[in-house]
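S.K.: For reference, the chains in residue letters:
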Amino acid sequence: MSSTVLALTHTADPGFEPPGIADFNFPPIFPDTPFDFVTKPLLASVLAAIIVFVFFTLGARKGALVPGRFQFAVESVYTFIRNGIARDVIGHDFAKYVPYLVTVFAFISVNNLFGIIPLIQFPTLARFGFPLVLAICSWLIYLGIGIRRAGFFGYFKSIMFPPGLPVFIYPLLAPIELIQVLVVRPFSLALRLTANMFAGHILLLLFTLGGTYMLTNESLVLKLLAPFSLAGAIGLTSFEAFIEVLQAYIFTLLSALYIAEAMSDEH
Amino acid sequence: MAQEGPGPKRKDQDSEAAWGVVGYLVSGLVAWGGLGAIADHYFDTSLFFPIGLALGAGLGLYLVWVRYGKS
Numbered sequence: 001m002s003s004t005v006l007a008l009t010h011t012a013d014p015g016f017e018p019p020g021i022a023d024f025n026f027p028p029i030f031p032d033t034p035f036d037f038v039t040k041p042l043l044a045s046v047l048a049a050i051i052v053f054v055f056f057t058l059g060a061r062k063g064a065l066v067p068g069r070f071q072f073a074v075e076s077v078y079t080f081i082r083n084g085i086a087r088d089v090i091g092h093d094f095a096k097y098v099p100y101l102v103t104v105f106a107f108i109s110v111n112n113l114f115g116i117i118p119l120i121q122f123p124t125l126a127r128f129g130f131p132l133v134l135a136i137c138s139w140l141i142y143l144g145i146g147i148r149r150a151g152f153f154g155y156f157k158s159i160m161f162p163p164g165l166p167v168f169i170y171p172l173l174a175p176i177e178l179i180q181v182l183v184v185r186p187f188s189l190a191l192r193l194t195a196n197m198f199a200g201h202i203l204l205l206l207f208t209l210g211g212t213y214m215l216t217n218e219s220l221v222l223k224l225l226a227p228f229s230l231a232g233a234i235g236l237t238s239f240e241a242f243i244e245v246l247q248a249y250i251f252t253l254l255s256a257l258y259i260a261e262a263m264s265d266e267h
Numbered sequence: 268m269a270q271e272g273p274g275p276k277r278k279d280q281d282s283e284a285a286w287g288v289v290g291y292l293v294s295g296l297v298a299w300g301g302l303g304a305i306a307d308h309y310f311d312t313s314l315f316f317p318i319g320l321a322l323g324a325g326l327g328l329y330l331v332w333v334r335y336g337k338s
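Those protein sequences? They're chains A and B, same order as listed.
Each residue of the first sequence is one higher than the last, beginning at 1 in this note's numbering.
Each residue of the second sequence is one higher than the last, beginning at 268 in this note's numbering.
The hints are simulated quantities; they were obtained by calculation from the structure and are not laboratory data.
Hints should not be assumed to be uniformly reliable.
Computed far set for chain B versus chain A, every beta-carbon distance over 10 angstroms [stated by the list, open to error]:
hint	residue
1	Glu283
2	Ala306
3	Tyr335
Just the calculated beta-carbon pair ranges, DEER-fashion [to be verified]:
hint	chain 1	residue 1	chain 2	residue 2	range
4	B	Asp311	A	Ala22	19 to 29 angstroms
5	A	Leu43	B	Asp311	49 to 59 angstroms
6	A	Ile51	B	Ala306	44 to 54 angstroms
7	B	Leu328	A	Pro118	39 to 49 angstroms
8	A	Leu178	B	Ser313	41 to 51 angstroms
9	A	Leu178	B	Asp311	41 to 51 angstroms
10	A	Pro118	B	Thr312	24 to 34 angstroms
Short, incomplete list of chain B residues facing chain A, as computed with Cβ under 7 angstroms [as the list claims (entries may be wrong)]:
hint	residue
11	Ser294
12	Leu326
13	Leu328
Ideal Cβ placement from N, Cα and C applies to all residues, glycine included.
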């Protein structure tokens, strides 16, 4: 891949412009109006919310005992999260958190899959603000559970001073445990998601733009090599589809793990 | 997090360990490196930040060993 880029920069006269941060900044759709904050990612995220809403509403409305094909698809997603994540990770009293986990999984999946859906072709969550809000939701939930279970000071005491360690080490470890729960967790949740979507989108852009550039270049060698780059783009698209759902799964799984930890008495 | 005892059963303990390890290593650096940086800022020195980073890295490793290494 890098050799292709090098070859491009050496032979091309106007030069190949590799994709970069600029490809993640969208102009306002309605400039010079009060709605100039509306951009493509914002609309895409609203669309994702509508898709998730319609998907589950239609799937649950009929509630047939013998599900049809669509209802089966909806129930599969629900059961996958309910049994695969909520029940296995959280354990008893997991039912309360199933709606949140299913919604988060579905919303993140749809937003991520936008990265490979024609016409949209932008993974919304590659903009850091979106996953940050989702991570803050999970953060508030697990902090709320912990504080409700043990009280404000009790919860933070159980975080900072877990039992079973020599006493003299606690002052050294307490700040680490506190930072871990308060800062590192929400940020790693959001960053992992953003970084994966960002990198995947850049890769797809590179292969697609590079292939197109090579195809339209005068050099015959580049023309002959272009199909490989475009084939790489196609291969990476299916790989991205996998990564996009996997990242939604990981976000949901970790949220469930944090909730489970806040619920359990021991740290 | 306790490895045994009452509480929810954890099928995903391995994946939890994988993310938790990274979390502790980063947290150690951030917590003690941060405290060191604050101390440096306060006392107008440039000594505590590197000490804090080294201490945090060590303590992070220790926490990983305590949480996930012992079984």
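S.K.: Now, for every hint given, state plainly whether the structure supports it.
M.R.: Comparing the hints with the structure gives:
1. Against the 10 angstroms criterion, B:Glu283 falls within the reach of chain A, whose nearest CB is about 5 angstroms from its own CB.
2. Non-interface status of B:Ala306 relative to chain A is upheld: no Cβ of that chain comes within 10 angstroms, the nearest being about 13 angstroms off.
3. In this structure B:Tyr335 is separated from chain A by more than 10 angstroms, as the shortest Cβ-Cβ distance comes to about 13 angstroms.
4. Under the hint 19 to 29 angstroms, the C-beta atoms of B:Asp311 and A:Ala22, about 41 angstroms apart, miss the expected range.
5. Under the hint 49 to 59 angstroms, the C-beta atoms of A:Leu43 and B:Asp311, about 50 angstroms apart, fit the expected range.
6. Between A:Ile51 and B:Ala306 the beta carbons are some 51 angstroms apart, a value that agrees with the proposed interval 44 to 54 angstroms.
7. A hinted range of 39 to 49 angstroms holds for the C-beta pair B:Leu328 and A:Pro118, which are about 47 angstroms apart.
8. For the hinted restraint 41 to 51 angstroms between A:Leu178 and B:Ser313, the CB-CB distance of approximately 26 angstroms leaves it violated.
9. The hinted window of 41 to 51 angstroms between A:Leu178 and B:Asp311 is violated, with their beta carbons roughly 27 angstroms apart.
10. Between A:Pro118 and B:Thr312 the beta carbons are some 58 angstroms apart, a value that contradicts the proposed interval 24 to 34 angstroms.
11. With its C-beta approaching chain A no nearer than about 4 angstroms, B:Ser294 sits inside the 7 angstroms limit, and its interface hint holds.
12. Taken as an interface hint, B:Leu326 checks out: its beta carbon lies about 6 angstroms from the nearest beta carbon of chain A, inside 7 angstroms.
13. Residue-level restraint check for B:Leu328 is violated (minimum Cβ-Cβ distance to chain A is 11 angstroms; threshold 7 angstroms).
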